[in-house]
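K.L.:
Each position in the sequence shown, counted from 1, maps to that position plus 44 in this note's numbering.
These aren't lab readings, by the way, just hints derived from the structure by calculation.
Careful: at least some of the hints might be erroneous.
Restraint ranges, calculated between C-beta atoms of paired labels, are given here [as the list claims (entries may be wrong)]:
hint : residue 1 : residue 2 : range
1    : G145      : M45       : 41 to 51 Å
2    : G197      : S141      : 21 to 31 Å
3    : Y75       : V154      : 18 to 28 Å
4    : P88       : S155      : 13 to 23 Å
5    : A59       : I112      : 27 to 37 Å
6    : G127      : A190      : 16 to 26 Å
7    : S141      : R238      : 34 to 44 Å
8    : W180      : S155      : 32 to 42 Å
9    : A71       : R182      : 38 to 48 Å
Computed from a predicted model, the values in this text were never measured in an experiment.
Cβ coordinates follow ideal geometry from the N, Cα and C atoms, glycine included.
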Amino acid sequence: MTDGMAAGCWLVAGAAYLGLEAIAAAAQPGYRYAVNFISDLGQPSSPLHTVMNAAFVVQGTLFLAAAILLARRTGRGNGVFVGCAAANAVGNVVVASVPSGGSGIAWVHVSAAAVAIVGGNAAILAGHRLVSQSRWYRRASVGVAALGFLAFGILAVPAVSATGVLLPGAVWERTSVYTIIGWQLLSALWLVRRRRVG
């Protein structure tokens with residue numbers, strides 16, 4: 045029951061995030077995933093900024109809900125996982141509440157985005173064993189998190205946003221976020237499969 049609820053939270057969050065992002069992007073003239081940042085869709089000037097900001101909130105909230113459900117099922121020793129997921133949730137909610145481009149408060153948005161990205165990828169490392177002990181799954185999880193941190197590290201280089209390192213900054217930003225979304229969808233499907241087999 046708990047596994048099913050956690051899987052449901054992650055599936056809904058991931059699908060909602062990607063779907064709402066696509067809707068918001070389609071409504072913004074000239075928007076390109078490889079060039080424009082995700083946060084651009086949440087700015088007041090974006091036609092469907094409320095849709096994108098809702099996606100941030102849904103993702104953060106349900107990501108944390110699933111983490112709490114799994115942590116309760118397995119007992120003690122999962123505080124780091126829940127803490128990292130909570131950081132992701134808080135970061136996402138603040139990102140939605142304080143859009144980028146605001147005069148004098150841009151640092152709040154940027155800081156919150158960093159917390160969400162680092163928290164989410166750290167949650168993968170801290171919590172993947174709660175989902176499965178499969179060697180393949182564990183290696184995939186560590187690899188995904190490593191990619192997320194690598195992308196974030198490259199994005200954090202001051203010159204990246206303006207000039208790009210190998211690829212545009214928006215690509216590195218999306219990679220560091222999509223590793224989280226991809227992992228939670230993979231984990232949700234794994235939990236569903238295990239529930240059916242079990």
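K.L.:
Hint by hint, note whether the structure agrees.
P.N.:
Hint check results:
Under the hint 41 to 51 Å, the C-beta atoms of G145 and M45, about 44 Å apart, fit the expected range. Our hint of 21 to 31 Å for G197 and S141 holds, since their Cβ atoms are close to 26 Å apart. At roughly 20 Å, the beta-carbon separation of Y75 and V154 lies within the given 18 to 28 Å, and the hint holds. At about 20 Å, the beta-carbon gap between P88 and S155 stays in the expected band of 13 to 23 Å.
A hinted range of 27 to 37 Å for the beta carbons of A59 and I112 is inconsistent with their spacing of about 20 Å. Range check, G127 to A190: Cβ separation about 20 Å, and the 16 to 26 Å hint holds. Here the CB-CB span from S141 to R238 is close to 36 Å, well matched to the stated 34 to 44 Å. A beta carbon spacing of about 36 Å between W180 and S155 agrees with the range 32 to 42 Å that was offered as a hint.
For A71 and R182, the Cβ-Cβ distance of about 40 Å falls inside the hinted range of 38 to 48 Å, so the restraint holds.
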